[in-house]
Amino acid sequence: MTRAPEKLDPSQMLDLVPAANRAVRAEHRGQTLILYVPIRKRWWMRGPFGWLLPFRQEKGLALDSLGREVWEACDGQRTIEQITEGFAQRHRVRFHEAKLSVVTFLRSLVQRQVVVLVLNRPKEAS
Amino acid sequence: MSSFITSPDEIVRWMGLRFRVPLDWEMVRHSKNSEKGSLVFVDRRRERLEVHWLDCQNEPDVERMVDNQRSLAQKEDPEARVEQLRGLGAWRALRIISRGSVVSRAVRYDTKTKRLVEVVISSSEAEEVGEFFQWYCRHFEVEAKGGQALRWAAFDIDVSIPSGYRLCVAEIKPCDAALEFEEVDAEGEPLLAQRVRVRRLGLVDSWFTGDLKGLVRTHAPKLKFSAFSELIYGAHPATEASGVYPAPVFTRLRGRQVRTLIRLWACAAENALYEVSSSGYRRPPIWPTDLKVHCRPLRP
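Note that the protein sequences, when read in sequence, are chains A and B.
Quick note on this note's numbering: the first sequence kicks off at 16 and runs consecutively.
Quick note on this note's numbering: the second sequence kicks off at 4 and runs consecutively.
Here chain B stands alone, though its shape is the one from the complex (with noise of 0.2 angstroms):
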């Protein structure tokens, strides 16, 4: 690997992507489209990645698509050197050097899942970014259609949701990010009764005292609680609680009383606490085991 890495490397896993990166990059936008979207990545001080991904129900004309890039960049800048880079496999790509910026952008269409997907690289000309942007897109892979995504990997939390559900909510603060999921039909439309949270808290030597049980009752302050249980998960200890939210009679009597799942545990190797919980109202909700949330020691 080239210099342009500084730090290891981790692996991200979103909407059926799968690449890796170097741990110190941050994504500070996302997508949560399965069909059209991007991610952006940054290093310690500036933007360095985009990633976009694109359904199609046909192939496209990679060719052509790269050749058109290539004018653009000619038209916006008459002085800019664009050179195509070989030996990329399925990529199709083009580095683009302009006023002592280099932009390597890839562009690949995958078959299997008729998704069009393109990397774009920022670097200046004092860095050697050719090795890393191979190394880069050697690891690139697709896995599954962005709606059929089953693993996800990103700010830390790395999960394994069931089939039928789908990314809804991502909510990202600094030591403390979630992802939603919700339960989807055959056509992709939400169902409204079935929804997954993961949420991992950080930096918890400063701030958690150990007692799981008050945690679970100050982060639902709403739900009557109807039993409490104690487990191991994975090495950790834990703490899983059930119940329900308050709802009128009407409600109540339509079978649409909310019931929820919680489980909490402290992952001492991290410094970091999960929290996943689980509500429906038309069955049981699924127990959060059926959603495998791997943190660092429990991590295949």
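Just chain A, same shape as in the assembly (with noise of 0.2 angstroms):
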């Protein structure tokens, strides 16, 4: 029986670590980066269906520069909270408004399956 995820609370939102994908493949393109997420096979693209028809095998997300930085940021070690902070200070934004644009961007990611989110809980003492 599969266990229903825990709720999470609102003030532990900034806590998250992004981790990205090791599957999804960079690619520079003069100012742009694109991300490449490998689709995941269906039972009837893999029969004679693959063999005959050219199913693509990824799909492609391009980046402008902010979402580039955000997307470098997130190295699996960096909390939300601390990737906000450095992109308010780069950019001269208040931390609310940082906060907006950097989650907006993270939860995209998180949809398309190039992040995912860790929530890193404190260790219980034994």
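Calculated directly from the structure, the hints in this document are not laboratory data.
Be aware that one or more of the hints could be misleading.
[What the hints assert, rightly or not] Restraint-style ranges between C-beta atoms, simulated for each label pair:
(1) B:E128 <-> A:L115: 47 to 55 angstroms
(2) B:L234 <-> A:P53: 33 to 41 angstroms
(3) B:A129 <-> A:R105: 30 to 38 angstroms
(4) B:E82 <-> A:G75: 53 to 61 angstroms
(5) A:R122 <-> B:E13: 28 to 36 angstroms
(6) B:I175 <-> A:E73: 50 to 58 angstroms
Where a beta carbon is used, it is the ideal one built from N, C-alpha and C, also for glycine.
Reconstruct the complex from the two isolated chains, following the hints.
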């Protein structure tokens, strides 16, 4: 039986650590960075249909300079709060403005399976 | 200052109230009513501060209000600990500790402006808020009545307006904040003729190409421009444009065609772009220079 995911306290959102999907391939084209995410093959894509029809293997996502900056910060070490703080300092915007931009962008990356968000809970004392 | 503050602070001026808040606190709710209203601020994670104001013709009994508040807190939670805070000057203050949360409330009546002001700061028991609360109350000033406020500072906009204007619109979006003021008569009724608007756009390095003239045209697509001029505002190269909005013949004959002046400049130090516009029809609109916008290098 699958366990229902635990509900996240909204105040913990800033403690989440975005980690990049290792299967993602990055390609630079001038100022634009294109991320290619492998597409999961359905059963009907594997058999004879797969031999006859050229199904695409991956889907691309083009990032501008701001998106690229956030993507490069998703190293699996930094929390959303740290990424937001860095973004706010570099572009001289308020923390909350930066948070909205960063979180909206990260949400779109999560939906496209480019990054996952990890919550590092403090270890319980033994 | 206590560890409650984790970053430098900034001055907020709204409806004649002037106070300081940590830089990473954000105003999330605001009232445009000068007689009765409130502001709510959040820090990075939770709601922290509420500021309430109310115009009172007669001086209210502040001591009694504090007593009522104490009784109410104990009625709501009989196990709550209510402490009276002293040494805050004109403020009468309480600290209510209940179920791990601490609510510090202070109230004060300003006899000069006849305004009752209340501040509420929320924290947890683990946080040391006492020193911060004292610091906050010490820096709180009632400068003027809400309808007579001449300086506004919020959402990174810091502006001095001429007297006889009041806030009518506050459009706040991320990296795009605008405050609009309208001219009012002695009774505070809007005259519907003169309006001034200050807009601040952030994150300029990611979208602005440097073409101020093109941006003016984009922001006012219906305006028929009569003149463009280049000038220096503070240390910034600025573009000023004037024009009229198209109107039917009858409106033009009645002299009700709206004339507009727009001034636009980019502030590299703030990575922001400011747009100040004024419009009116009964008499020429006030020049944007009558409305002093203090971007960071120009801030007194």
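To test your reading of the hints: which numbers does this structure violate? Structure breaks hints 1, 2 and 6.
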